[in-house]
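Undergrad: So the chains spell out like this:
Protein chains: 2
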Amino acid sequence: MVNKILKLNGRDRDILATSPLFKGMSQQGFSKVIEHVAVSSFEAKDLIFREGDSPEYFYTVLTGFVRAYRLNREGREADIAVYGPGDTFAETGIFNSDAYGFNAQAAEGITLARFETESVRKLVTESPEIAFALMTTLSCNLKNALECVADDRLHTAPQRVANFILKHCPESAQSARFRLPFQKSLLAGKLGLAPEALSRAFSSLKSAGVSVHGRVIEINDVSALRRF
Amino acid sequence: MVNKILKLNGRDRDILATSPLFKGMSQQGFSKVIEHVAVSSFEAKDLIFREGDSPEYFYTVLTGFVRAYRLNREGREADIAVYGPGDTFAETGIFNSDAYGFNAQAAEGITLARFETESVRKLVTESPEIAFALMTTLSCNLKNALECVADDRLHTAPQRVANFILKHCPESAQSARFRLPFQKSLLAGKLGLAPEALSRAFSSLKSAGVSVHGRVIEINDVSALRRF
DNA sequence: CGTTGGGTTGAGCGCGATCAAGCGTGGTGG
DNA sequence: CCACCACGCTTGATCGCGCTCAACCCAACG
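Chains L and Z, in that order, give the protein sequences. Residues in the first sequence are numbered consecutively from 1, following the numbering used here. Residues in the second sequence are numbered consecutively from 1, following the numbering used here.
Calculated from the structure, these hints are not laboratory results. A few of these clues could be false.
A few chain L residues that face chain Z, going by a derived Cβ cut-off under 10 Å, partial list only [what the hints assert, rightly or not]:
id, residue
1, E43
2, I80
3, E147
4, L154
5, H155
6, R177
What you are looking at is a predicted structure, and each value in this text was computed from that prediction instead of being measured. We put the beta carbon where it would ideally sit given N, CA and C, even for glycine.
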């Protein structure tokens, strides 16, 4: 298990180059950063790092999904974010060298681009371009996190699920159909719900024209769902 | 009311220079940034900006407290963050030029340092030092936001209040006493609670040796509270 | 004094967690 | 090939936390 460390192959390199972090970065900038990158693979449920560990690395997801979660004193877990292809996580370690703020776990078989925080910290002070890319990523992660707090505090379970579905529908479609990119239990965690609550939320959305077959979601009337 | 725009006076300048954003920045860096700053004052309940507005400015709190909140469709409000002296907020606008992600309101009479996002965006590409400072601030805000999600999802109201109290006690004190820096209703919002729930949480903490007189909190046995 | 605004207290209720049982599908081995 | 199991998910029943609404308290202030 765990953690086969490899060099970047062509395909991974392409994924990385088109990820939000590097999109729009010059060739030179990109080359500089990927001197300090390795690809690491994990199998489902493998731990990537633990809360409190010293943040030696940060990551960009190449394939698969990563679950960020924390524990309370009794050991109950709560997800605080889910990262998918192109997402960068744990990049706060570059500036807050104390410790990772959460546990990270592979939700399935995944491959990650792994950066050395120490090395990138130096690059940041040398290259405005790299600094700008990282700031944009931080910015985006911050916006998402605040969005998540708002969503938790403002919306009920069915509303959160409806929001999630709508984000995955083309803006102006009348009806739509798509496949969940990951397990329902992971979605439940991402939305701050127990799996049972997600299940019930889905069935309460039937009345709004949403039908679910395995991982496939079908929406009869997108605008009706939006009004829900 | 509202929005007297002034130049930076000596005292404000000092506060700003020692805020996390500028702490550790060189004289030159600091001077460059504060060319683009203005001081703006607001009275309690004044709106600073609205969700969806174009993010022309971002802010660092000089004195007082700012409430960041969002609305759901029915107009119910939920707080997503509270910013106090030295905190910087809405700085994501520098990189996400679409719109503010929340409403910001003065929780009391406040003074803010107001930066032009556009101008600072340019500075960031010129000065690694300024970039680094902003990244550290973004990082810190991101960590806090994720912490907030975790706290909401893992802890009950009394536990959240206990956590808050403990953060305001000296690490190794045996007993402690301090004064809330703002109204209880604001604290309730910050913790994702209705004011009534905060009140009840306080009284349930009596059994753990916490007593409350107005804004003054007294903790008999800090380590007992930590175990709670 | 009366008013206003922040805070507390009480009663009722609804959402979502928890526990437990059941369902369906895919995978493995006899 | 089929029996069996494992796992993800659903469904049902119960319970408790925290929201809501309403009344009340109290201190500050005009």
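Undergrad: Would you mind marking each hint as holding or not holding in the structure?
TA: Quick rundown of the hints versus the structure:
Hint on E43(L) is violated. Least Cβ distance to chain Z is approximately 25 Å, over the 10 Å limit. With its C-beta approaching chain Z no nearer than about 5 Å, I80(L) sits inside the 10 Å limit, and its interface hint holds. For the restraint placing E147(L) at the interface with chain Z, the shortest Cβ-Cβ distance is roughly 7 Å, inside the 10 Å limit, so the hint holds. Look at L154(L): its Cβ gets to within about 4 Å of chain Z, closer than 10 Å, so that hint holds up.
Because the smallest distance between the Cβ of H155(L) and any Cβ of chain Z comes to about 7 Å, under 10 Å, the interface hint for this residue holds. Interface restraint check: R177(L) against chain Z, minimum CB-CB distance 26 Å, threshold 10 Å, status violated.
The structure does not agree with the numbered hints 1 and 6 stated previously, though it agrees with the rest.
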